[in-house]
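J.: What follows is the residue order along each chain.
2 protein chains.
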Amino acid sequence: MKIIFLGAGNVATHLAWALKENGHEIVQIYSRTQLSAETLAQQLDTDFCISLDKLKQADLYIYALSDNAIESVVNQVNIYSGIHIHTAGSVNMNIFERKFEKFGVFYPLQTFSKDKEIDFSQVPIFVEGCNKAVSQTLYNLAKTLTNRPFEASSAQRIQLHIAAVFACNFSNYLYRIAADLLLKNNLPFDILQPLIMETASKIQTLSPDEAQTGPAHRQDMKTLQKQLEIIENEDYKKIYSEMSEQISSRNRK
Amino acid sequence: MKIIFLGAGNVATHLAWALKENGHEIVQIYSRTQLSAETLAQQLDTDFCISLDKLKQADLYIYALSDNAIESVVNQVNIYSGIHIHTAGSVNMNIFERKFEKFGVFYPLQTFSKDKEIDFSQVPIFVEGCNKAVSQTLYNLAKTLTNRPFEASSAQRIQLHIAAVFACNFSNYLYRIAADLLLKNNLPFDILQPLIMETASKIQTLSPDEAQTGPAHRQDMKTLQKQLEIIENEDYKKIYSEMSEQISSRNRK
Chain A
1 MKIIFLGAGN VATHLAWALK ENGHEIVQIY SRTQLSAETL AQQLDTDFCI
51 SLDKLKQADL YIYALSDNAI ESVVNQVNIY SGIHIHTAGS VNMNIFERKF
101 EKFGVFYPLQ TFSKDKEIDF SQVPIFVEGC NKAVSQTLYN LAKTLTNRPF
151 EASSAQRIQL HIAAVFACNF SNYLYRIAAD LLLKNNLPFD ILQPLIMETA
201 SKIQTLSPDE AQTGPAHRQD MKTLQKQLEI IENEDYKKIY SEMSEQISSR
251 NRK
Chain B
1 MKIIFLGAGN VATHLAWALK ENGHEIVQIY SRTQLSAETL AQQLDTDFCI
51 SLDKLKQADL YIYALSDNAI ESVVNQVNIY SGIHIHTAGS VNMNIFERKF
101 EKFGVFYPLQ TFSKDKEIDF SQVPIFVEGC NKAVSQTLYN LAKTLTNRPF
151 EASSAQRIQL HIAAVFACNF SNYLYRIAAD LLLKNNLPFD ILQPLIMETA
201 SKIQTLSPDE AQTGPAHRQD MKTLQKQLEI IENEDYKKIY SEMSEQISSR
251 NRK
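Chains A and B, in that order, give the protein sequences.
Residues in the first sequence are numbered from 1 upward in steps of one, following my numbering.
Residues in the second sequence are numbered from 1 upward in steps of one, following my numbering.
Be aware that one or more of the hints could be misleading.
Identical chains share a label here; the pair holds if one copy fits it or two copies do between them.
[What the hints assert, rightly or not] In silico DSSO-like cross-links for lysine-lysine, where the CA-CA straight-line distance does not exceed 30 angstroms:
| hint | residue 1 | residue 2 |
| --- | --- | --- |
| 1 | 102 | 226 |
| 2 | 226 | 238 |
| 3 | 20 | 132 |
| 4 | 99 | 226 |
| 5 | 99 | 184 |
| 6 | 237 | 222 |
| 7 | 226 | 114 |
| 8 | 143 | 184 |
| 9 | 237 | 226 |
| 10 | 143 | 56 |
| 11 | 184 | 132 |
| 12 | 222 | 114 |
| 13 | 226 | 56 |
| 14 | 20 | 116 |
| 15 | 184 | 238 |
| 16 | 222 | 238 |
| 17 | 99 | 222 |
| 18 | 20 | 184 |
| 19 | 222 | 102 |
Quick caveat, the hints were computed from the structure, so don't treat them as lab data.
Can you make the complete structure from the sequences, with help from the hints?
T.: Take a look at the structure:
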């Protein structure tokens, strides 16, 4: 497929690379920011533009933009052919419906950071199309990238995104807290890396309920109290109390 | 070394196996519960007892018990020779000092679950001894199991334990929330496994600050508001609000 990317951030970069490596043709990158557009276009050996008037013809337009930027870009696009899709978990497909004939969503359930490669073959990709033919096209496209293609409605996708926020974004924030606590005690963060890997790895074979350990799980109130007294940061105290309370109360049920 | 374990739970089981595999002799398992004592002793092809009066002579007594059980077991032990150590993050070494001549702590920074093997060679182990000779003995013992032995004071160890509670126990609780949200929407938990592995894997090469992604990190208030409205469970709402607020406010600083 001939594909144009609108956006040149982390999702666009990782997805464009994966599509190119799997035989698709990336014909153009649009970004408001010349540096971003040009950098990604050069990496992919393709063209770029910084004005939406300069968009070329393509089979597929991928809006890999932050959630709140999608609508405004949609409003400015003047090409009505092709399939128009976004990659956002929490944006409804119908953001396209007043403007385009063929549209949909292509949501890879993964966290994308600069300088960290992704193996797309294991990334679940959730597609939604405005009709059966578009759904099938997007599903087939997903199959060229991953062993785990799925169809999901906009309502399901927002639930997936919320679950991902808990499992990924908030877990990473807990790592930041842990790193900060260690730093303040002159201990290096890397001593926690095996524990963090094992915590994630356990739930590949155990359910998260089975995998739960720790003082709150054991209802060890003495240790909970002692640790809470030692934590100085008020924000961290709040999270410690709330999480411990919820973990213990599940075990009391 | 001839080693006796007091306790037959997850830590005792994993640690006893690792010690045996590395050439140490486990001479006895004590547990109040006959089934636990006997099961672990049989696995290790050694003796067991369910009364502290029946403890044998050994070089090392490892109290791998829940934090609050250690003191009461210490009070009942009538053997004063050998080195007496516990494996708890949040228990001070001085719990042993009124009773024994040689004592210390041997704290493996890892999460141990039944039915999940551990590669000890990457597990950081923090030792503390009542004197230099004991510290050295415990450090050497740690070296037989892991490439990452460290010395740490009781004060440092409790900080390590608190950091581990955030990075491991609380992360796992977030996985439980995510699993629950998916279940309620007829979506299988295993679609989150690649995301969870990638989240943990990222911080092996990026700092947790660099690895942060998500709507709160982008200060995408519209998505935060929408997601918060969709979450029904009041407990989950509390965690969502608090974590999002803390993540956004870090970026505002």
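J.: Taking each numbered hint in turn, which are not upheld by the structure, reported in ascending numerical order?
T.: 5, 13, 18
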